[in-house]
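Which chain is which? The protein sequence lines are A and B, in order. Residue 457 in numbering that gives the first Met the number 0 is what sits at position 458 of the first sequence, and the numbering runs on without skipping anything. Residue 99 in numbering that gives the first Met the number 0 is what sits at position 100 of the second sequence, and the numbering runs on without skipping anything.
The hints are simulated quantities; they were obtained by calculation from the structure and are not laboratory data. In this text, a Cβ means the ideal position worked out from N, Cα and C, and glycines have one as well. Fair warning: there could be bad hints in the mix.
Computed cross-link-like contacts, BS3-like style, restricted to lysine-lysine with a CA-CA straight-line distance of at most 30 Å [stated by the list, open to error]:
hint, chain 1, residue 1, chain 2, residue 2
1, B, Lys-55, A, Lys-158
2, A, Lys-70, B, Lys-130
3, B, Lys-60, A, Lys-70
4, B, Lys-54, B, Lys-110
5, A, Lys-532, A, Lys-572
6, B, Lys-125, A, Lys-70
7, B, Lys-110, A, Lys-198
8, B, Lys-60, A, Lys-92
9, A, Lys-158, B, Lys-130
10, B, Lys-19, B, Lys-130
11, B, Lys-19, B, Lys-125
12, B, Lys-130, B, Lys-54
Which stretches of chain B does chain A cover? Using the computed rule of at least three CB atoms under 8 Å from a CB of chain A, they are [claimed, not checked]:
hint, stretch
13, 111 to 119
14, 127 to 133
Ranges of calculated distance between the beta carbons of each label pair, as one might list FRET restraints [claimed, not checked]:
hint, chain 1, residue 1, chain 2, residue 2, range
15, B, Ser-25, A, Ser-241, 40 to 50 Å
16, B, Asn-116, A, Ser-82, 51 to 61 Å
17, A, Asn-146, B, Glu-73, 46 to 56 Å
18, B, Glu-73, A, Ser-82, 35 to 45 Å
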Amino acid sequence: MRIEHLSIKSVTIAIFVMIGAVAMVLSLLAGSFFRESALDAQMSSLSRVLEVATQEMQQGIRGHSFDLGMKLAHSRALVEAFSTASESGNDGKLVALLDDPFISGFVGFSEINLVKLRVYSPDLEFVGESSVGIQGTRQALPGYLANLIRNRGRDDRLKGVDALWLSSQGPLHSAVIPLGGLRPVGYLEVVVDPAFNLKDIAAITRTPVSIYAMSDELLSTVNSGNDSEYLPVEYVLFTPDSVPAFRIVGLEDIALLSDEMARIKTVTITGFLMLAFATLLLALWLFSRFMLSPVSAMVRNMRAMAQGNLDMAVDNRALREFHELSDAFNTMASQMRMRTNDLERLLDLDDSAILCFDRDREMVYCNRSAATLFGYSGDEISDLDFTDLFVDDVAVLTARLEGTAGRRREDKLHEVLTCRHKDGYEFRCDSVINAIDVMGQSGHAIALNTVAGDDEIMSSQSEQRLDAVEQSLTSLLEFARSNPSLMLGLGNLGELSDVDPTGGVDKGTVREQVVSVMNLALACWERELGKSKLDLAEESRIWPVYIDKSTPTTRTLDKYLSLENCTKNPRSKRVVDTAEFVLRHLPDENSAACEGLRRALDEFRLLLAGVKAKSRQPEG
Amino acid sequence: MRFFFSLLLLVHVAVSADDKPFAPESIDGVRIVTAEEAIELILDNPGMPIIDSRKKTEYVKGHIEGAESLLDTEMTEADLEAIVPERHTTILFYCNGIRCLRSSNAIVKVKEWGYTNLVWFRGGWKEWNNKLLPVVTD
Chain A
0 MRIEHLSIKS VTIAIFVMIG AVAMVLSLLA GSFFRESALD AQMSSLSRVL EVATQEMQQG
60 IRGHSFDLGM KLAHSRALVE AFSTASESGN DGKLVALLDD PFISGFVGFS EINLVKLRVY
120 SPDLEFVGES SVGIQGTRQA LPGYLANLIR NRGRDDRLKG VDALWLSSQG PLHSAVIPLG
180 GLRPVGYLEV VVDPAFNLKD IAAITRTPVS IYAMSDELLS TVNSGNDSEY LPVEYVLFTP
240 DSVPAFRIVG LEDIALLSDE MARIKTVTIT GFLMLAFATL LLALWLFSRF MLSPVSAMVR
300 NMRAMAQGNL DMAVDNRALR EFHELSDAFN TMASQMRMRT NDLERLLDLD DSAILCFDRD
360 REMVYCNRSA ATLFGYSGDE ISDLDFTDLF VDDVAVLTAR LEGTAGRRRE DKLHEVLTCR
420 HKDGYEFRCD SVINAIDVMG QSGHAIALNT VAGDDEIMSS QSEQRLDAVE QSLTSLLEFA
480 RSNPSLMLGL GNLGELSDVD PTGGVDKGTV REQVVSVMNL ALACWERELG KSKLDLAEES
540 RIWPVYIDKS TPTTRTLDKY LSLENCTKNP RSKRVVDTAE FVLRHLPDEN SAACEGLRRA
600 LDEFRLLLAG VKAKSRQPEG
Chain B
0 MRFFFSLLLL VHVAVSADDK PFAPESIDGV RIVTAEEAIE LILDNPGMPI IDSRKKTEYV
60 KGHIEGAESL LDTEMTEADL EAIVPERHTT ILFYCNGIRC LRSSNAIVKV KEWGYTNLVW
120 FRGGWKEWNN KLLPVVTD
């Protein structure tokens, strides 16, 4: 597509539509990313909650384990039994004492799952264990705890230690307390199964939680049981020596979040789109107010000026660049107007009658001397052609110039032409006929001077004057060539639509309608009022009355009654005025003839409106 | 909403905690020890009197091995003399921790009674328990 075919408005709208589309896509993408980010944040949050809940669960195990351990470690009976077992190897009493919490219970019995009690020597040698509880585990302190105890300093030797560790039976939690209080004789290990407490995580997090062993065996599950939308979040619980012990899968209920996100997304996108649309409208209004409207007005004014209306000026109330452009155009138009006026004045001042005809041999320009010479007013003479003005067949003379350059001096024709005055008498004039360019087409300019005597040769002085006139006319026509309707301003020849209709079809249709309306008007005039065509011309003063051989005629009006004779550019205003004049004078406004004329006039007006609207459309 | 109330509760607890006074940083003529130092002192001085200035109910739930329960407000010179007849004997005092004033109050009273060799475990039961040191429960 060529750039000249694009208007500022369409380009502006296209740009804004593109911006709007991109903004809409970006907002949708942003909404999607926003949701992903929110879900990630939710998962991260739940993961952290699971971690804290797990730590709290371990804290509970530790608290109960140490409570039991501290109580047993200060038991004099246990210390004595331990000493006995260590010294003599008789651990019967020791085992009985270690079995007692399993049988008799203890404070917090229901809070933890005690699986074993073991005692060790100060050197961490295994001394004995409860016969009740888990079986099959290695009879030794877990390696991590043993190393911790062996490697700690003197200040820490009486402190209890605990850790999660991985036994052959699965993950277990051990708390090791010095046996014997401040003067320990050995160590007591309280072994607890932490899986028993894992369900507490669900109570703490208040979310459905499933606990899996690292072998993927499901150890515990707490589900909410409803149909909510869940997002699984995994947290792995490690032992202190970084061995994975449990896999905890929390299910985050994101139904509420999803609903909220959907709502926020809808509100955000809707709001964004509304805002974008409002901004778009505002921007378009601003563009229209400050750019498109001023430019349209400028274009309209420029076009009107280009069509010959040089008296008007382009509105320069616009943005700076357009303001400067309008000023420049106005300056140019002003200069053109001045020069045109000068040329027109120059031609009007000349004594020679100057007439300019187009290719169809219809007059497009005549100076004041020409109208005076032939006795017509400016308006009347504009409807005439060769045959109306000249007795000689000028068409034959001009045909001799066809095909020549027309502009060269040797291509001029010097003839004595017999002319016809408005009043009917004939007179002779010296003439110079030039082939010239009229509105891009071949035309002819004829300069006339009355003959002082028959067959008198034109003096060299007259010829020089005609040459000067021809140059002025050529300059004037040069303007007209680039601006055809400029001719209208010179010759007052009628409306643009009459001179430059948009196409052959419309032009022909207009001519047909002109002839139809004129015939209907004349028929009504004659039938309803009983008056003649001449009466119509005289009373209406719309059509000139000529005197041919002492007989009044209506040559111009006659042309409008026949399609063959009708001018190619009929004066539509005259036709409308004539029809309205007849309608005004008809005695019966409701008669069939009157109705027919009114209908034909309406159709003609519609046709003219269509033609004019079409002629105002930009080219391309 | 629940988060809001939790936050309010936390703020309230924090403000309340701030309102609760701290035990003095030091008391003239009194040695302050940590839990580890207290253990060494206990182990080096078998039979050294240890006074638990907390309430009896707290004492019953758990106390340092060998400690005697004497609530600071109820402690009389006669009560202490029954446990520590000699004024120059080393005595270890403790209560719940640095936000507890009972042991410091008790020490002030005891100083007035003429006891000269006083040791204050300022961190008290909270520090002892946090370090998972051996405790005695009745």
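To see whether the hints hold, each was checked on the structure:
1. The straight-line distance between the Cα atoms of B/Lys-55 and A/Lys-158 is roughly 25 Å, inside the 30 Å bound, and the hint therefore holds.
2. About 16 Å separates the Cα atoms of A/Lys-70 and B/Lys-130, which keeps this hinted pair within 30 Å; it holds.
3. Between B/Lys-60 and A/Lys-70, the direct Cα distance comes to roughly 11 Å. Compliance with the 30 Å bound is thereby established for this hinted pair.
4. A distance of roughly 21 Å separates the Cα atoms of B/Lys-54 and B/Lys-110; the hinted pair therefore holds under the 30 Å criterion.
5. Between A/Lys-532 and A/Lys-572, the direct Cα distance comes to roughly 18 Å. Compliance with the 30 Å bound is thereby established for this hinted pair.
6. Taking the CA atoms of B/Lys-125 and A/Lys-70, the gap is near 18 Å; set against the 30 Å cutoff, the hint holds.
7. At roughly 53 Å between alpha-carbon atoms, B/Lys-110 and A/Lys-198 are farther apart than 30 Å, so this suggested pair is violated.
8. Pair hint B/Lys-60 plus A/Lys-92 holds up; C-alpha atoms about 27 Å apart against a cutoff of 30 Å.
9. For a cut-off of 30 Å, the pair hint linking A/Lys-158 to B/Lys-130 stands: about 6 Å separates their Cα positions.
10. Of the pairs offered as hints, the one joining B/Lys-19 and B/Lys-130 holds, with about 24 Å between alpha carbons and a cut-off of 30 Å not exceeded.
11. A threshold of 30 Å between alpha carbons decides the hint, and for B/Lys-19 with B/Lys-125 the separation of about 16 Å falls inside it, so the pair holds.
12. Distance hint between B/Lys-130 and B/Lys-54 is fulfilled; the C-alpha atoms sit about 22 Å from each other, no more than 30 Å.
13. Counting residues of the stretch 111 to 119 of chain B whose CB falls under 8 Å from any CB of chain A gives 0; the rule of at least 3 is not met.
14. Only when three residues or more bring their CB closer than 8 Å to a CB of chain A does the claim for the stretch 127 to 133 of chain B stand; here the count is 4, and the claim holds.
15. A C-beta distance of roughly 44 Å is found between B/Ser-25 and A/Ser-241, which places it inside the suggested range of 40 to 50 Å.
16. Between B/Asn-116 and A/Ser-82 the beta carbon distance is about 35 Å. The supplied range of 51 to 61 Å is therefore violated.
17. As the Cβ distance of A/Asn-146 to B/Glu-73 is approximately 47 Å, the hint placing it in 46 to 56 Å holds.
18. Between B/Glu-73 and A/Ser-82, the C-beta spacing of about 39 Å keeps the proposed range 35 to 45 Å intact.
Hint check: violations occur at hints 7, 13, 16; the rest are consistent with the structure.
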